[in-house]
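Colleague: Next come the chains, spelled out residue by residue.
4 protein chains.
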Amino acid sequence: MDFTPDPHSQRLGAELREFLDTEVIPAEAEFHDQLATAVDPWTRPPALRRLMDGARDRGLWNLFLPGEHGAGLSQLQYAPLAELSGWSPNLAPAAMNCAAPDSGNMELLDAFATPEQRERWLTPLLSGEIRSAFCMTEPDVASSDARNIGTRIVRDGDSYRITGRKWYISGAMNPEARIFIVMGKTDPDAPVYRQQSMILVPRDTPGVTVRRAMSVLGYDDREHGGHAEIDFEDVVVPAANLIKGEGEGFAIAQARLGPGRIHHCMRLLGMAERALDLTARRAWDREAFGGPLATQGTVRTFIAESRITVESLRLLVLKTAWLMDTRGNREAHTEIQAIKIAVPREIQRILDGCVQLFGAAGLSQDTPLAAFFAAARGLRLADGPDEGHLSTLGRAQLKAYRPQ
Amino acid sequence: MDFTPDPHSQRLGAELREFLDTEVIPAEAEFHDQLATAVDPWTRPPALRRLMDGARDRGLWNLFLPGEHGAGLSQLQYAPLAELSGWSPNLAPAAMNCAAPDSGNMELLDAFATPEQRERWLTPLLSGEIRSAFCMTEPDVASSDARNIGTRIVRDGDSYRITGRKWYISGAMNPEARIFIVMGKTDPDAPVYRQQSMILVPRDTPGVTVRRAMSVLGYDDREHGGHAEIDFEDVVVPAANLIKGEGEGFAIAQARLGPGRIHHCMRLLGMAERALDLTARRAWDREAFGGPLATQGTVRTFIAESRITVESLRLLVLKTAWLMDTRGNREAHTEIQAIKIAVPREIQRILDGCVQLFGAAGLSQDTPLAAFFAAARGLRLADGPDEGHLSTLGRAQLKAYRPQ
Amino acid sequence: MDFTPDPHSQRLGAELREFLDTEVIPAEAEFHDQLATAVDPWTRPPALRRLMDGARDRGLWNLFLPGEHGAGLSQLQYAPLAELSGWSPNLAPAAMNCAAPDSGNMELLDAFATPEQRERWLTPLLSGEIRSAFCMTEPDVASSDARNIGTRIVRDGDSYRITGRKWYISGAMNPEARIFIVMGKTDPDAPVYRQQSMILVPRDTPGVTVRRAMSVLGYDDREHGGHAEIDFEDVVVPAANLIKGEGEGFAIAQARLGPGRIHHCMRLLGMAERALDLTARRAWDREAFGGPLATQGTVRTFIAESRITVESLRLLVLKTAWLMDTRGNREAHTEIQAIKIAVPREIQRILDGCVQLFGAAGLSQDTPLAAFFAAARGLRLADGPDEGHLSTLGRAQLKAYRPQ
Amino acid sequence: MDFTPDPHSQRLGAELREFLDTEVIPAEAEFHDQLATAVDPWTRPPALRRLMDGARDRGLWNLFLPGEHGAGLSQLQYAPLAELSGWSPNLAPAAMNCAAPDSGNMELLDAFATPEQRERWLTPLLSGEIRSAFCMTEPDVASSDARNIGTRIVRDGDSYRITGRKWYISGAMNPEARIFIVMGKTDPDAPVYRQQSMILVPRDTPGVTVRRAMSVLGYDDREHGGHAEIDFEDVVVPAANLIKGEGEGFAIAQARLGPGRIHHCMRLLGMAERALDLTARRAWDREAFGGPLATQGTVRTFIAESRITVESLRLLVLKTAWLMDTRGNREAHTEIQAIKIAVPREIQRILDGCVQLFGAAGLSQDTPLAAFFAAARGLRLADGPDEGHLSTLGRAQLKAYRPQ
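Chains as they are written, first to last, in our numbering: chain D, 84 to 487; chain X, 84 to 487; chain R, 84 to 487; chain B, 84 to 487.
The set of hints was computed from the structure by calculation and includes no laboratory data. Be aware that one or more of the hints could be misleading.
Said to hold, decoys possible - Partial list, derived from the structure: chain B residues whose beta carbon lies under 10 Å from chain D:
1. 292
2. 293
3. 378
4. 387
5. 389
6. 420
7. 478
8. 483
9. 486
As the list claims (entries may be wrong) - Pair by pair, the computed Cβ-Cβ distance ranges are:
10. X:259 - D:258: 30 to 40 Å
11. B:132 - R:292: 29 to 39 Å
12. D:231 - X:360: 23 to 33 Å
For every residue, glycine included, the Cβ atom is placed at its ideal position computed from N, Cα and C.
So here's chain D without its partners, still in its complex pose:
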């Protein structure tokens, strides 16, 4: 066992740290101003486009993607970089073409798409030309359980016909999200995990209607394309748009989940670090009861507890990344579940404390804390609520003890 950081990752980290400090964080205010005054508030504004050029020039591009089409980093190598990008979660991941849901979608296409599908969609995604969405969650069912999915994908000659409603489709309010990966049932009579398939649906296909933007605790998250409710009414696409094959939907979704979850956790660590950094500064700036907040026992205790939490969660994330790299995502299932449960919840708690220390400013638009808080809160529900994960993780642990 060896906790020495990877040198390649460290070099990239130094570059990214400099990029953050000199370009990304200074651009945050401009970015928000551009969004606030844009004709279409969902589209990537000029400040982000400029940062994309900067990231590309610095070699900070597609870092999430292992293999030859990306930066070729392992999860363990990517972890500290994804964490750093969490310091400016609306800008840095997108600037580096590493933002959800595109990163997951690119992984998916890199792993399962046909050469034609790759050419048509993966290439412009890898270059950052277009964006994408992943259409899984549905409003009427507990769709974190893929078995509940109601959307139908029906074969009709050389085409598939898609009907259903999706919501909380992140990024899809952005008209640049040109391609939707849609999960639906092709065969409701197949075995439970062979009923689902995934299919590529270009945004401008007739029958696709983006109905409205869903909010998360008061935020519409326009910074990264919002969360759309989308109707698919008799949407017809060529049969060649199917990904991998009929009945493969569940397996593809599973493959996509692991990296998606761990990348969220990595970025959350970065949000926590930035929040603690801001809070430590604030604690010296603000006076109360005759001295800076930083000299008070309750504030010290909060900082200490937060430090302990962040350190132990980071180690759990790194161990999980290592497991994914060395044994595969499936073997890391328990650990992925563990971080998916623990990281957003504990970091929400830390952010809650930082807000508390900032007072009203902490809840306002003048610090990033409230938005970070909402992001962490939202991630406790993305891919299904913690409660379900806790139950299945516990069941798996207990299984080994079941009497025969």
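Assemble the complex: chain D is given as a structure, and chains X, R and B must be docked to it using the hints.
Modeller: Using the frame of chain D, we list chains X, R and B on its own:
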């Protein structure tokens, strides 16, 4: 000791319950639609104006105000009514002319205003014709400690000249908020608690600039007039606008705080009850792991814990109300602090759990849960963060043991 | 609603407070010394016998018992007195003949015993001459669910024959516990709640073997007669020893539970108050980091949080007592469950904090804190673990929403 | 970074696992019986002596000690072995001659003792012939802060004269603890961290009086020599008994603390693992509400949460061990503090949950859970309460932000 509810309060409660079920809650969607499409999103929309007429007709008007100018209820009698109004916190309190900050401002004027001040401002407030704001919090200091206030109120012949910046002035984005009660320092050299004064500043006085709307966890709270940042630049008002006298600001603020805090707590109990009501229904509607959520141990446990918390907090609120009624607000200081700390925090926790059970819908605009959550979160900072209150409450408890 | 304390209760409270301060608490060290050096460490030592005389003289006797044979207090009147007795939980309740399990057994006999049974057992219990035990819990089953009970009570002519094993039978290590009330099944084929009966078994009946003393977190609780494991092997008693009738065991147990639980909660409040009193003194005595602990923010926060918790739990206990008095124990079922869950758990947490502030002394035999902690911990399991109660309480709450 | 376990450590771990399963755990009952019936309950009973022979034969001896006199393992290599020994914390560490406080005392002597001191005391300690105690904590002061120590060590010709009182001196009730390492002040006028010295005091030196056994939550911990209160009254020892030099006491204590703390944390992880193992078995054995506990959502959730906690804490412990190995104990100070705070507290919480699931048996002498709970609780106070550590850890974090 006797826990039998007051009969008069019960009669009013039955009326209010019926008002809620048949008029208020059914109007919520219409109210939000009107706000979303209004030319001025901060003004009271028609749906609210209609409900105000309904509440007045039912005798559900100014219930918060003890004495002859209000409904004449004690705090203990008002408590269950304020709680019920919390079931629809954006509509019911405003419909009944019992919404913050107007209720606190009316109490203040009823207690301290001159006959001319009463006539000019209290009368139209009592009738619901206009609204008002209470300008205390400042962006640059921990202004929950009145000693830190930076705004100056300087005597200048027959006038006062006011200079300073305030923020998170609730209700002030609504142009119907015609009158601002402004706290500032008249004499920085006086003893610490005699430096502050309060003065009436009509909204349209030259030098008053409403700069922007502050947000709370992504919400602009347009439903109740938002939270404004306001500049006062050389604002001149007649000396007769001073309330009570120079140096009385701190004492007036203290007098206003008690009822304001307990009324917030009462309404939070109602929010918790509505959230639990919605959650219980949801728990039977949603299936997961082979049965309704309502049959699962973790859900039952959450409901049980929430019930215990709400019951014990309600009793603490009622006891506090009784103390205020029988011994005065000052004697109830410890209890007021206790509920101010415990109620928003614990109810935030309950709401967090309800959101969790609802999944994405719980964070969305489609249920009231996320907005309730933000409201509870905000109240942990209103009038100063919990941490300060915990420290002073603890200090007061320990004082009795200090060796001589 | 009225929170004014009852005058009669207040007078008795003043007497009890004086008794505690001048006689009971000063006798604690002597009491423990006598136990440590006694030939039989389970018997009531002289210090306790002396205090019993004192309590009787002061009219502080059998306060728990409503009606003509006891002090005639309501639960609401008894509550503050039981709480005060919790300041010295090993001595005060026993001195006042109000200690568990005797109090519950006397209630039971007062309600259900025949004249002969009363004469033989209730009379010497009411006078404090003998003590008693309640034999319900069994080692091999989750016996908080009466349906699981394995002990058999079989009719055999004019006698009953009892066979089974019980454990954690509090008080039974004390040879003065002359009479055991034993729960067992008379008819395993009857409807589920009609299978059990209760029967009086004198301690010295052949076949009764007190096997060993069970411990609770390292304590053998000799101060109140320990917790015995008892074998009943072919124990024969006259049929006239049956209480009330065959099949009445479950109903009697239910009747006994309510007062037993609320009295434990009342005493726990007293333990918390004494612990906080000791802690406040300690916080001024001990210096750390340049000042008394009492001046530190973390200590103040702990004291404040503890105060809020104790106040709200006390109100919940009082409300429950009032419900028992005015609507009966059955109607107070939800509230009894609520306090049974919340009070031991929250007071354990407070005691944990007090221990922490005391350092090693807090865990030692030199303060009462560690023993209080163990008592609170134990009560989270007595009458079944919290988890079961939470589940049934939650189920009951949700039942009202079940779709038809 | 690489999470692959060390092969040498794994081989020893397999041996230890087998030793535990076939010899140690099966001997636990015998060990307790021997203690219960021993003439001197503080002395190592025959069962332990037999296991010491077994451990030595298996090469499981002095594993804690790096360098040539011990097993030569790094902290990182020792970690999984110490953890395993925590499965049977009363027997396994002592059997392997790795038990506190001897392990820390041997480290200390190995690092700082003169050849004569080594020969006289370290040699018989390394062979397990004798045991030892570390006399630092005092009853009257917050002695976790070495500056508060009241014991005096005064030079007197060729001797030192020692006067003071110590308590909670673990292991010292065992008469086999032949040697005490005593911390005291040699020069109260020296700079704060140069006032203290350490000196070797043989147990049978005149003036040494072991006064009484201190308890921890009702336990006297006779299994590992108890916790003694000791008077040193004009105790005279040769000047050659001083360790390292006058004024070196604080530095030696600091050097000793790091390994001591991390070894406690390692063993606590093992206690948690055994408790969870027992609990998982119990959860399948016990039925409630119509099925094994193991099938209930609340139980699964508890198991899952516990698993997440143990995994993340273990990683933090391993990272700390690696830091100690690669950068030295001083550089690992923050991490040592972090685990010292988090591990006992979180594992106490897990043990509390395991107890709850076991019911009364969990608090009894029939499972190891209650004793584990008390051990974890005690460790939250050993070397000073968590609160102090939280404050200094937070202060250190904030220091980097202090404005100049």
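Colleague: Hold the hint about residue 420 of chain B up to the distance rule: shortest CB distance to chain D must be less than 10 Å.
Modeller: holds, 8 Å
Colleague: Can the hint on residue 486 of chain B be confirmed by a CB-to-CB distance to chain D that is less than 10 Å?
Modeller: Holds. Min distance 6 Å.
Colleague: Per the CB criterion, is residue 387 of chain B less than 10 Å away from chain D?
Modeller: Check passed: Cβ of residue 387 of chain B comes within 4 Å of chain D, closer than 10 Å.
Colleague: When the nearest CB of chain D is found for residue 389 of chain B, is that gap smaller than 10 Å?
Modeller: holds, 9 Å
Colleague: Taking the least C-beta to C-beta distance, is residue 378 of chain B closer than 10 Å to chain D?
Modeller: holds, 8 Å
Colleague: Could you tell me whether the CB distance from residue 231 of chain D to residue 360 of chain X stays inside 23 to 33 Å?
Modeller: Hint holds: Cβ distance 25 Å, inside 23 to 33 Å.
Colleague: Using Cβ atoms only, decide whether residue 293 of chain B comes closer than 10 Å to chain D, and label the hint accordingly.
Modeller: Nearest chain D Cβ about 37 Å off; hint violated.
Colleague: Does the Cβ-Cβ separation between residue 259 of chain X and residue 258 of chain D fall within 30 to 40 Å?
Modeller: holds, 38 Å
Colleague: How about residue 292 of chain B: closest beta carbon in chain D under 10 Å, or not?
Modeller: With Cβ-Cβ at 38 Å, over 10 Å, it is violated.
Colleague: Verify the interface restraint on residue 478 of chain B: the C-beta must sit less than 10 Å from at least one C-beta of chain D.
Modeller: Holds: closest Cβ of chain D sits about 5 Å from residue 478 of chain B, inside 10 Å.
Colleague: Can the hint on residue 483 of chain B be confirmed by a CB-to-CB distance to chain D that is less than 10 Å?
Modeller: holds, 8 Å
Colleague: With respect to the beta-carbon atoms only, verify the hint that residue 132 of chain B and residue 292 of chain R lie 29 to 39 Å apart.
Modeller: holds, 35 Å
This entry does not satisfy hints 1 and 2, going by the numbered hints stated previously.
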